[in-house]
Every structure is written in structure tokens, then in C-alpha cells.
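K.L.:
Taking the hints into account, I'd like the entire structure generated from these sequences.
2 protein chains.
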Amino acid sequence: MTKKKNAFYAQSGGVTAVINATACGVIETARGHKDKIGKVYAGRNGIIGALTEDLIDTSRESASAIAALRHTPSGAFGSCRYKLKGLEENRREYERLIAVFEAHNIGYFFYNGGGDSADTCLKVSQLSERMGYPIQAIHVPKTVDNDLPITDNCPGFGSVAKYIAISTLEASFDVASMAKTSTKVFVLEVMGRHAGWIAAAGGMASTEKDELPIVILFPEVTFNKKRFLDKVKTMVKEFGYCSVVVSEGVRDRSGKFLADQGLRDAFGHAQLGGVAPVVANIIKEGLGYKYHWGVADYLQRAARHIASKTDVEQAYAMGRAAVQFALQGHNSVMPTIVRASNKPYRWKVGMAPLKKVANVEKMMPKSFISRDGFGITKRCRDYLAPLMRGEDYPPYKDGLPRYVRLKNVAVKKKLNQDFKI
Amino acid sequence: MTKKKNAFYAQSGGVTAVINATACGVIETARGHKDKIGKVYAGRNGIIGALTEDLIDTSRESASAIAALRHTPSGAFGSCRYKLKGLEENRREYERLIAVFEAHNIGYFFYNGGGDSADTCLKVSQLSERMGYPIQAIHVPKTVDNDLPITDNCPGFGSVAKYIAISTLEASFDVASMAKTSTKVFVLEVMGRHAGWIAAAGGMASTEKDELPIVILFPEVTFNKKRFLDKVKTMVKEFGYCSVVVSEGVRDRSGKFLADQGLRDAFGHAQLGGVAPVVANIIKEGLGYKYHWGVADYLQRAARHIASKTDVEQAYAMGRAAVQFALQGHNSVMPTIVRASNKPYRWKVGMAPLKKVANVEKMMPKSFISRDGFGITKRCRDYLAPLMRGEDYPPYKDGLPRYVRLKNVAVKKKLNQDFKI
Numbered sequence: 001m002t003k004k005k006n007a008f009y010a011q012s013g014g015v016t017a018v019i020n021a022t023a024c025g026v027i028e029t030a031r032g033h034k035d036k037i038g039k040v041y042a043g044r045n046g047i048i049g050a051l052t053e054d055l056i057d058t059s060r061e062s063a064s065a066i067a068a069l070r071h072t073p074s075g076a077f078g079s080c081r082y083k084l085k086g087l088e089e090n091r092r093e094y095e096r097l098i099a100v101f102e103a104h105n106i107g108y109f110f111y112n113g114g115g116d117s118a119d120t121c122l123k124v125s126q127l128s129e130r131m132g133y134p135i136q137a138i139h140v141p142k143t144v145d146n147d148l149p150i151t152d153n154c155p156g157f158g159s160v161a162k163y164i165a166i167s168t169l170e171a172s173f174d175v176a177s178m179a180k181t182s183t184k185v186f187v188l189e190v191m192g193r194h195a196g197w198i199a200a201a202g203g204m205a206s207t208e209k210d211e212l213p214i215v216i217l218f219p220e221v222t223f224n225k226k227r228f229l230d231k232v233k234t235m236v237k238e239f240g241y242c243s244v245v246v247s248e249g250v251r252d253r254s255g256k257f258l259a260d261q262g263l264r265d266a267f268g269h270a271q272l273g274g275v276a277p278v279v280a281n282i283i284k285e286g287l288g289y290k291y292h293w294g295v296a297d298y299l300q301r302a303a304r305h306i307a308s309k310t311d312v313e314q315a316y317a318m319g320r321a322a323v324q325f326a327l328q329g330h331n332s333v334m335p336t337i338v339r340a341s342n343k344p345y346r347w348k349v350g351m352a353p354l355k356k357v358a359n360v361e362k363m364m365p366k367s368f369i370s371r372d373g374f375g376i377t378k379r380c381r382d383y384l385a386p387l388m389r390g391e392d393y394p395p396y397k398d399g400l401p402r403y404v405r406l407k408n409v410a411v412k413k414k415l416n417q418d419f420k421i
Numbered sequence: 422m423t424k425k426k427n428a429f430y431a432q433s434g435g436v437t438a439v440i441n442a443t444a445c446g447v448i449e450t451a452r453g454h455k456d457k458i459g460k461v462y463a464g465r466n467g468i469i470g471a472l473t474e475d476l477i478d479t480s481r482e483s484a485s486a487i488a489a490l491r492h493t494p495s496g497a498f499g500s501c502r503y504k505l506k507g508l509e510e511n512r513r514e515y516e517r518l519i520a521v522f523e524a525h526n527i528g529y530f531f532y533n534g535g536g537d538s539a540d541t542c543l544k545v546s547q548l549s550e551r552m553g554y555p556i557q558a559i560h561v562p563k564t565v566d567n568d569l570p571i572t573d574n575c576p577g578f579g580s581v582a583k584y585i586a587i588s589t590l591e592a593s594f595d596v597a598s599m600a601k602t603s604t605k606v607f608v609l610e611v612m613g614r615h616a617g618w619i620a621a622a623g624g625m626a627s628t629e630k631d632e633l634p635i636v637i638l639f640p641e642v643t644f645n646k647k648r649f650l651d652k653v654k655t656m657v658k659e660f661g662y663c664s665v666v667v668s669e670g671v672r673d674r675s676g677k678f679l680a681d682q683g684l685r686d687a688f689g690h691a692q693l694g695g696v697a698p699v700v701a702n703i704i705k706e707g708l709g710y711k712y713h714w715g716v717a718d719y720l721q722r723a724a725r726h727i728a729s730k731t732d733v734e735q736a737y738a739m740g741r742a743a744v745q746f747a748l749q750g751h752n753s754v755m756p757t758i759v760r761a762s763n764k765p766y767r768w769k770v771g772m773a774p775l776k777k778v779a780n781v782e783k784m785m786p787k788s789f790i791s792r793d794g795f796g797i798t799k800r801c802r803d804y805l806a807p808l809m810r811g812e813d814y815p816p817y818k819d820g821l822p823r824y825v826r827l828k829n830v831a832v833k834k835k836l837n838q839d840f841k842i
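Line order of the protein sequences matches chains A and B. 362 is the number that the numbering used here gives to position 362 of the first sequence; each next residue is one higher, with no gaps. All you need for the numbering used here is the position in the second sequence, starting with 1, plus 421.
Keep in mind that the hints are not guaranteed to be accurate.
[To be verified] Chain B regions said to be covered by chain A (calculated; three or more residues, Cβ under 8 Å):
| id | region |
| --- | --- |
| 1 | 485–496 |
| 2 | 595–607 |
| 3 | 726–732 |
| 4 | 816–827 |
[Claimed, not checked] Sample of chain A residues at the chain B side, in silico, Cβ under 10 Å:
| id | residue |
| --- | --- |
| 5 | ALA76 |
| 6 | ASN105 |
| 7 | GLU189 |
| 8 | ARG193 |
| 9 | ARG304 |
| 10 | PRO386 |
| 11 | GLU391 |
Hints are computed from structural coordinates only; laboratory data are not their basis. Just so we're clear, the structure is a prediction, and the values are computed from it rather than from any experiment. All C-beta atoms, glycine included, are put in the ideal place defined by N, C-alpha and C.
P.N.:
In C-alpha cells, the structure reads:
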């Protein structure tokens with residue numbers, strides 16, 4: 001009699017408002033196939049949980065706790081920033097993984113993350129052919145950066161896009177109210193070190209019907225101080241105010257991050273700030289306008305309270321599809337989101353081979369950025385709009401969302417030795 | 422036959438997520454008493470609209486547009502930061518106000534703002550006895566700072582409190598997920614230059630049932646670097662991470678704002694950042710922890726998408742009460758919120774004489790701050806909880822809230838001369 005295999009699931013890289021919805025999709029779907037999948041063990045802190053045999057027994061969580069993951073932001077099992085080296089460089093790690101998988105009868109490996117994590121998952125998927133341990137490794141896409149290839153978009157991004165569009169809209173209304181005798185420019189710093197997808201979402205606050213003066217600084221467009229100041233000045237002249245949405249990854253002509261202005265504190269120590277205060281200062285010195293600035297940072301990727309319904313549904317569907325792919329016998333693949341039509345928005349689940357996903361970064365197409373480099377095009381709007389659509393509110397108690405914290409009961413260790421990371 | 426008097430309404434100071442709900446309360450209530458009140462003229466950009474005879478005819482707006490103000494953040498008619506001087510210092514301004522009021526048959530003056538605006542309203546309310554122009558001036562409370570006296574709380578604050586509590590909760594979940602191999606501390610900067618009401622709201626993310634490691638820096642508590650670092654270290658040792666909520670107004674022993682660190686850019690120019698990066702840097706240098714920081718700025722006070730239901734209701738009620746007070750013949754008063762009971766939360770509308778409101782700042786009671794100075798007490802929780810309670814979502818279209826922008830049709834000028842501000 002062949003023993004039913006258990007599954008391993010872990011979260012990797014920066015977390016999102018909906019990565020737990022994917023976890024929910026994985027666990028609920030696995031629970032629905034108890035004839036084929038045993039337990040789902042979650043890695044505590046990503047792949048580190050696998051290496052250190054620090055596993056969480058998700059079967060100890062109630063159905064309602066697992067269901068509540070769907071509306072809980074962050075990584076319920078802990079995430080990590082840890083990249084597996086290649087087999088030749090660190091064979092010891094792979095042998096350890098096999099030892100842990102073997103000890104806990106793990107035959108399915110679900111890794112939920114972005115580009116780096118896809119690389120880890122690809123390496124694990126090769127354990128079967130290269131080291132003879134039978135495993136099916138499925139990568140589950142997730143990244144607010146929206147930079148994975150093949151998939152039309154990435155779970156996590158739609159909710160950040162919605163948050164940034166709403167925040168830009170609301171802050172623009174605010175600065176418009178104040179502009180006559182006070183603040184004329186509001187600068188909002190958003191995530192996105194290489195690709196400007198999140199910054200682009202700020203442009204969605206302005207619509208054809210209700211135009212708002214929004215200037216976007218993309219990492220894809222080299223910062224030109226004179227052109228930027230001219231643009232802001234024109235906007236303020238026409239509208240009385242303007243909002244600037246700036247990506248953290250904007251660089252100047254020398255390729256240096258704009259945020260890196262060589263600031264020194266009173267003791268001469270280097271002080272690295274965000275890019276928003278730097279841009280605000282450029283405006284003050286160049287145009288003399290009164291300004292305010294904000295930095296959304298974690299707030300944007302944790303904002304489950306205003307997550308996109310599309311995003312929540314897709315995040316869940318990716319988790320479900322990953323388990324289904326495993327049950328169908330696949331290895332070394334990733335479920336993808338395939339856009340079937342824009343109006344009405346229709347999408348379905350596709351499949352991509354992992355070797356075409358790992359370490360490939362999808363940048364914004366040039367056709368998504370307006371000719372002057374400070375805005376988005378209609379093509380970009382058509383792409384972004386459905387991803388932000390729909391509200392999926394969490395339940396509330398006493399004014400606060402009711403997010404779940406799992407018990408995260410550890411699985412008893414079976415191996416004798418510890419493993420040093 | 423005595424001619425029906427028109428009303429003047431204007432918004433002053435920093436705007437909020439719910440000041441337009443107050444405008445809605447004023448205009449809808451006045452429209453319900455057409456036998457006694459003629460038109461409601463809004464001042465464009467606060468009192469400046471009155472001085473420059475730049476009036477908006479709100480009767481040109483449809484009932485549905487006015488109703489939509491209830492769920493629209495910011496100041497629909499524009500706000501201002503402009504303080505009337507005393508009658509002796511600038512008699513010219515008062516004569517001008519009377520000229521404008523007379524020309525447009527204005528007998529009711531509703532001024533919607535905080536402490537400084539109450540002072541302006543008080544001065545206008547004295548026009549009757551000191552300059553013989555019959556006017557009833559009612560101040561309508563509004564301030565995210567929650568620092569007006571007599572009233573139990575101020576419209577605008579409850580929604581900021583809810584936003585900061587939710588953001589702190591969500592960011593804490595995020596950093597908790599990342600802490601093992603990456604960020605250990607998240608620092609969130611919030612508004613509040615003198616009083617720590619908004620910072621206190623960050624403490625609401627942690628509950629008795631679900632404790633989170635949150636360290637609050639209040640403007641009421643002098644910053645002590647050693648004690649702060651000890652606190653953060655203890656929290657990180659116990660929980661693995663921590664969140665710091667820092668008020669923009671925190672000062673060191675010498676009374677200097679912590680944000681003012683004498684930073685210089687590459688050219689030696691002074692660079693004023695926010696306090697969040699300064700605190701983050703103190704943590705990095707003192708403890709070596711990896712950190713992230715955010716600055717909520719306008720996002721917090723414009724966040725109508727997650728406004729408190731209590732706050733929206735109270736903001737509307739204050740507008741309605743102001744008109745009712747005027748109809749009852751009152752002058753130089755302000756409607757207040759009177760807390761009748763905590764559990765269940767019950768409140769009613771009261772009335773305060775304006776001379777007891779203007780220029781008085783209500784600080785947080787000492788009993789609201791925990792003994793170590795880094796947290797809030799149960800008394801503070803009992804006070805804050807009902808103010809954040811309830812959700813009042815705006816309608817959405819295509820993923821974005823549908824906020825209204827009024828036509829803001831100007832009233833034809835009747836005076837021959839311009840007025841220089």
C-alpha cells in the first residue's frame with residue numbers, strides 16, 4: 001500500500017494583503033482531497049522552515065480559522081528573504097531538504113512568492129531527476145511588484161494598485177482644498193524598485209471624466225529635474241495644485257537612486273531617507289511651493305481593509321490551481337492568470353513551466369507610459385482597471401478588521417540534528 | 422415684510438474625511454427650513470471667500486450632489502489658513518465683511534473649523550454688538566487633532582483614529598511576517614503637533630485579546646533615547662518585532678522637534694525630513710535592527726474610504742445642530758458632542774459658548790498615557806473605542822470611491838471694489 005503523501009506550503013519574500021488568501025486556497029483545496037493528500041505542513045518563515053525542520057501542522061487549525069485567512073493580510077506562517085544556492089554550490093542544503101521531506105513524507109511542495117522564490121522552487125522541483133527524491137514542486141505566484149513573466153498579472157498587485165489609486169485620489173482632493181493659502185503639492189512615495197507598476201496605479205485616480213493633476217515618476221524614466229519642475233509648474237498653474245506619485249526606484253542620469261542624496265546628520269553620519277522628501281525639497285527649492293509628502297511603505301501592501309475583489313479571487317484561485325496541478329501530476333510549473341477579455345473582464349487559470357518564470361523580470365511596456373514620461377496611457381488604464389475592481393471587505397469588530405492569527409502548532413521533529421542557516 | 426436672511430458657510434484649517442458631511446448637514450437642514458433661511462452661500466476658501474466676495478451658490482447643486490458630500494473627503498468649497506486680526510488691529514476687514522454680508526443679505530454665519538477658526542467665528546459673532554450688524558455666528562467643530570475644549574471629541578478625529586489603528590494593525594502583521602530574516606521594526610509617523618490623540622489611536626491596534634508590540638511616542642512625553650531603545654529592544658526580544666507610532670510633534674529634552682536633526686544635503690542646504698526616518702535611524706544606530714518606515718500625512722485625514730461611522734454621524738449632526746441653533750436665535754455658540762454613556766456608547770448634542778472655545782487647546786489627560794510613557798491606558802481605550810466604531814463605506818465605481826465634485830457656481834458680485842487679502 002502506498003502511503004498518502006503530505007504537502008509542504010510556504011510563503012516567501014515581501015508579504016501582501018492577499019497572500020494568505022492563496023494559503024487559504026491551497027489548504028482548503030488540499031482538505032477537499034484527503035484521499036490523495038495527507039496533511040498540509042507549512043514552513044515557518046518560508047524555506048527556512050523546511051531547512052530547519054520547523055514545520056507547522058495546519059490540520060490543527062479549524063475550518064473557520066483557515067477561511068479567515070482569505071481576509072487576513074501578511075504571511076500567516078512567516079515569510080523569509082532567503083535564496084537557495086545552486087546544487088553545486090551548496091549540496092548540503094538540498095540533502096537536508098530531502099531528509100526533512102522524507103522524514104515527514106512530503107511529496108508536494110508549494111512555494112508562494114515572486115521571482116527569487118520561483119528560482120528556489122525550480123531548484124526544489126529538480127530534486128526528483130537530479131537527486132532521485134520524488135517531489136512535485138509548484139510555484140504559486142505572488143508579488144506586489146507585478147513583475148513575474150507569462151502571467152497577465154500577479155496576486156498582491158491589484159490590491160496595492162487599488163490602495164495607491166484611492167490614496168492618490170483622496171490626497172489630491174485634500175491638497176486641492178488647501179492650495180489657495182497653503183500646500184500646493186503633495187508627494188506620495190510608493191514601492192517599486194525596478195518596475196513602475198505601482199506608481200502607474202496612482203494615475204488611475206485621474207479619469208477622463210474627472211481629471212486630476214497627477215505627475216508620476218517611474219523607475220523606467222530617468223529623472224530630469226528641469227523637465228519635472230516644468231511639468232509641476234504647468235500643473236499648478238492650470239489646476240492650482242498637483243500630486244506627485246514617485247516610485248522608490250527613481251534614478252537620475254548617473255544611475256544613482258534619487259533618494260540617495262548624500263545626506264549627513266549633525267554628527268556627519270550618512271542618513272538615507274525616502275525619495276518623497278527629496279522630491280518635495282526639489283520642488284520647494286525650484287518653485288517655492290509649499291508641500292506635504294507621505295510614504296506609504298508597508299501600509300500599501302498590508303492594506304487588506306481595501307483589497308481588490310479581483311485580486312482576492314485570483315489569489316485564492318492560484319492556491320487552488322496549484323493543488324489541482326499537483327494532483328494532476330505536474331511538477332516544476334506555476335499557475336498563471338490568463339486575460340481572456342478586457343470588457344467585460346474575463347480571466348482563466350493557465351500554466352507556465354517554472355524554468356521560463358524564474359529570474360525573469362517583466363517591466364512595464366513602453367506603450368503604458370505617456371509620451372512626456374509623467375503619466376499613463378489608455379492601454380495602461382485598460383490593463384489596470386479590472387485588477388483594482390471590486391471591494392472585498394473583511395469583517396469588523398469594534399471598529400477594527402478581525403484578522404486571524406493561527407495557532408501555528410509545530411510538527412514534532414523527527415530528525416536528530418539541527419541545521420544551521 | 423422682513424426679508425428672509427441667507428446663510429454663509431465656510432470651511433477652515435486642515436480638511437478631514439468628514440468635514441463635507443458637516444457641510445451636508447448644514448445645507449440639507451437649511452434646505453428643510455426654506456421658510457426661514459434663504460440660500461446657503463459657501464465661502465470659496467474659507468473666510469477669504471467672504472472677504473473677497475467670492476461666494477458659491479449652493480442652491481445650484483442638486484440634492485444628490487449635496488447628499489454625496491456626506492461620503493466625500495476634503496473641503497468641497499476650499500479651505501484656508503487665514504486668521505482674522507482683532508477689530509482694533511484691522512477694522513478694515515470687519516467693515517468689508519459687513520459690506521459683503523449686507524450686499525448678500527446674510528444673517529447666519531457658519532464657520533467649520535478648529536481652534537483658530539473658533540477665534541475667527543467669535544470675532545464675527547461680535548459684529549452685532551460692536552458694529553451694529555445683525556448676525557448670528559455659529560462655530561461648527563472640526564479637527565483631526567481632537568483638541569477643542571468642552572466637546573467630548575471633534576468630528577474628523579474618529580476617522581483618523583480608525584485609519585491609524587487599522588494601518589498600525591496591518592503594518593504590524595506585515596512586519597511580524599518578515600521579522601525572522603528581514604525587517605524587525607516598522608515606524609509610522611502620524612499627525613499631532615501638540616496633542617498625542619492620533620498617536621494614541623495607534624495603540625488601539627493592540628487589544629487585550631490579541632496583544633501586539635506597539636511603542637508610542639507622544640508629544641506630551643519628552644523623548645529619551647536610552648529609555649526608547651530599551652523599550653524597543655525588550656519588545657523585539659519578546660515578540661520578535663515591534664511597531665513604533667510616532668507623533669510628528671515629539672520633542673527632545675531641549676524642546677527641539679526630533680524631526681529637526683540639522684540634516685544637510687550634498688550642497689549643505691538644510692533638509693527637513695519627517696520624524697519617522699529620524700526614529701528609524703536611531704533604532705538602526707542603537708540596536709542594528711533592520712527597519713521600514715512610513716509617513717501617513719494627508720492619507721490619514723483624507724481616508725474617507727475607511728471613515729468611522731460614529732464620526733460621519735457626528736459630523737453630520739454638528740452641521741444640522743448649527744442650523745437649528747441659528748433658527749433658535751443663538752449667536753456665538755458651538756454645538757458640542759456630549760458623551761452620555763460608554764457602554765453602550767450614547768451621545769447627544771450640547772452647546773458651548775464660543776468665548777470658552779476659542780484659543781483653548783485640550784491636551785490628552787495624563788491618565789490616558791501608560792506609566793512608562795510608551796502606551797495607552799484602559800481609560801484611553803474606553804474613550805477612543807466608540808469614536809472609531811462602525812464602517813460607513815462610500816459607493817464605488819470601477820474600483821474607486823465615487824467622490825463628488827460640486828459645480829461651485831459663483832454668486833454674482835454686488836460690490837464695486839475688490840479686497841486685497
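K.L.:
Within the region 816–827 of chain B, is the number of residues with a Cβ closer than 8 Å to a Cβ of chain A three or more?
P.N.:
holds (count 7)
K.L.:
Do three or more residues of the region 485–496 of chain B come closer than 8 Å to chain A, measuring C-beta to C-beta?
P.N.:
Coverage by chain A holds for the region 485–496 of chain B (4 residues, Cβ < 8 Å).
K.L.:
Holds or violated: is there a CB of chain B closer than 10 Å to the CB of ASN105(A)?
P.N.:
Violated - the Cβ of ASN105(A) stays beyond 10 Å from chain B, reaching only about 26 Å at its closest.
K.L.:
Min Cβ distance, PRO386(A) to chain B: is it shorter than 10 Å?
P.N.:
For PRO386(A), the interface hint holds, since the closest Cβ of chain B sits about 8 Å away, which is under 10 Å.
K.L.:
Count residues of the region 726–732 of chain B with a Cβ under 8 Å from any Cβ of chain A, then say if the count reaches three.
P.N.:
holds (count 3)
K.L.:
At a threshold of 10 Å, is the proposed contact between ARG193(A) and chain B supported by beta-carbon distances?
P.N.:
14 Å, violated
K.L.:
Are ALA76(A) and chain B close enough, Cβ to Cβ, to be under 10 Å, as the hint says?
P.N.:
8 Å, holds
K.L.:
Should the interface hint for ARG304(A) be scored as holding, given a Cβ-Cβ cut-off of 10 Å against chain B?
P.N.:
6 Å, holds
K.L.:
Counting residues of the region 595–607 of chain B that have a beta-carbon nearer than 8 Å to any beta-carbon of chain A, does the count reach 3?
P.N.:
Check passed, 10 qualifying residues.
K.L.:
Return the status of the interface hint for GLU189(A): holds when the least beta-carbon distance to chain B is below 10 Å, violated otherwise.
P.N.:
8 Å, holds
K.L.:
A closest beta-carbon separation below 10 Å is what the hint needs, so does GLU391(A) meet it against chain B?
P.N.:
Result: holds, 6 Å to nearest chain B Cβ.
Figure legend: structure checked against the earlier numbered hints; hints not met, in rising order: 6 and 8.
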